[in-house]
Amino acid sequence: MQLNPSEISDLIKKKIENFDVNVESHTEGTVVSVTDGIVRVHGLSEAMQGEMLEFPENTYGMALNLERDSVGVVVLGAYQHITEGDTVKCTGKILEVPVGEALLGRVVDALGNPIDGKGAVETTETSPVEKIAPGVIARQSVDQPVQLGLKSIDSMIPVGRGQRELIIGDRQTGKTAIAVDAIINQKGTGVKCIYVAIGQKRSSIANVVRKLEEHDAMAHTIIVSASASESAALQFIAPYTGCSMGEYFRDKGEDALIIYDDLTKQAWAYRQMSLLLRRPPGREAYPGDVFYIHSRLLERASRINADEVEKLTGGKVKGKTGSLTALPIIETQGGDVSAFVPTNVISITDGQIFLESDLFNSGIRAGVNAGLSVSRVGGAAQTKIIKKLGGGIRLDLAQYRELAAFAQFASDLDESTRKQIERGQRVTELMKQDQYSPMSIAEMGVSLHAANEGFLDELEVSKVRDFEAALQSYMKSEQADLMQKINDTGDYSDEIKKGIQSAIEAFIKTSSW
Amino acid sequence: MSELPTLARPYAEAVFKTAVESKSTKEWSGMLEFLSVVMQDKEIAAIIANPRVSQEKMTQLLLDICQDQLSKEGENFLKLLVQNDRLILAPQIAELYESYKADFEGYVDVDVISAYALSKDEQNKFAKTLEKQLDKKVHITTSIDKTLIGGFLAKAGDRVIDGSIRGQLQQLAKKL
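Read top to bottom, the protein sequences are chains E and L. Residue 834 is where the first sequence ends in my numbering, and the numbering goes up by one at each step. Residue 212 is where the second sequence ends in my numbering, and the numbering goes up by one at each step.
All the pointers check out, no bait thrown in.
Taking lysine-lysine and the DSS-like style, the derived pairs with C-alpha atoms no more than 27 angstroms apart in a straight line are: (1) L/LYS211 / E/LYS414; (2) E/LYS410 / L/LYS210; (3) E/LYS410 / L/LYS173; (4) E/LYS753 / E/LYS806; (5) L/LYS78 / L/LYS93; (6) E/LYS410 / L/LYS172.
So the derived list for chain E, only partly shown, Cβ under 10 angstroms to chain L, looks like this: (7) ASP341; (8) HIS347; (9) ARG389; (10) CYS411.
Calculated from the structure, these hints are not laboratory results. Note that this is a predicted model, so its numbers are computed, not measured. For glycine and all other residues, C-beta sits at the position ideal for the given N, C-alpha and C.
Sequences are here, hints too, so could you generate the full structure?
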């Protein structure tokens, strides 16, 4: 249905009538030099730190270096049309981006402009990109789980709502895969997801969008994209943009999950900008405040208490806490987690998930190194069933790791050692999971119960996954009520335990696997 | 690298303080204007930039050129600039000095650009409104720019007050 021409001109006429004609006053400066996206502007004595400055042809820049007589500005976008002598105007606004529900399901760039071709984003609010993290009193401790849907992570390295959990590993170890599975698993839970792609190939970002659409997960997701060919300034700002969009939900008493993929590239972009701004380089040529760019970003991911939510919504939302969970991703080179940026981010986050190439290549996907990975929130953020069953799994794997070297001499060992090794092998096999197949709490609980109670010990290691798959489909068709009950309550009462036990025994009797 | 005005500022401040103390702001204004013109001359600029010319030779040459234009303090100031190798800053020092002087005497230089020539009455009205706005006495310099279509544009230092039709059309275009 098309708008007919008279309607359009009426709209315009209305806009013109309502147009407020006033004399505007602003400060101006002149461009002195333009180098690689950094513009030096003479004048602009009233520029604020981080203020948006307007260049000719609707280009904007951010004032970063405030000096006595000039301002160092980073241009947000293309800068080829800016020449010496151009006029630069102050806008009086610190850099801000649109936030709101209307962004869900959309792909936007680092400034909030839509790039998915689905029209303008109809938001009513904007939020500054740089905000101060909630204070100590405003926070609440983390005790609700975020189900990532991956057995190895949810059982041994649980993540809570409001926690920051780092996903760290070499290239091609499955970091983005964990993130995408986490987003898919949030469908229907009310958790809004934001995926910030920093410095990535556009084909990768397109892949992620397509996969999320296939699994019907775009409806609760915002994608913020600052791909590799965009200016360093946009790659630097993108995480903060995503964070502001996530804080909108947090401050309303809802839960949100934000994934920064990845912060290493943001540090590189910041290093580029700082070196061009002639700020002195430090270790690995990073500027002195590379820790601060990550700490102030990650501190904004938190859980705030109900009083704070009430205050922020002006009394509209009462009795609900809000949270923003962050899953930053860092790429290491050659497994070196003691490099500068990885150690920085490890010290900021509440735990890390280590992904190793060796584990990945040997078929263990997700390739999580359970020994080095940790979650400092731990059991407080687990449902009862996973907590009770997950403890046993972690122990089995730890014991197996101790004895793994002896696995070659399986025949020459005493009974108990051999049993531990065999249990460890089967549990490791069980922890493998296909991509794009996140599991619910009930499904995980059933698998872990089977492992703990020794149902896997009789099987060959290579048959464990087939057994699990068949068991899951059996539970789905024959025991749907029990599964629903577990999903709803997350409980592991004796009744449920007996229920699972008898269900598995019945399944084995059918030997349909 | 610092901007020239940043380097020139301490000198301008020192000169201004001396001028105020000795109540000779106008004379200093003239001296600095003269120095700035001298430094911008092509041949002098070449000599200043030449590293082979010794400091004494340069001082002697410049003093000869300036002769009776400079007071005793003025000559000292010139010698200081030669010593610190800051002769090229003379135009910036003069500019900054003028702005300090204007501030001190409580007036502001305003460029009023309009599409059509303003009558004397209109100019006076302008001056009065701007004085109220900026809370200082106003020295108006007018000029004409047809591209404004109508209205006016007033520039005082960094601040720009845009009441032109061209500016309003730009605002409307942005809104639509």
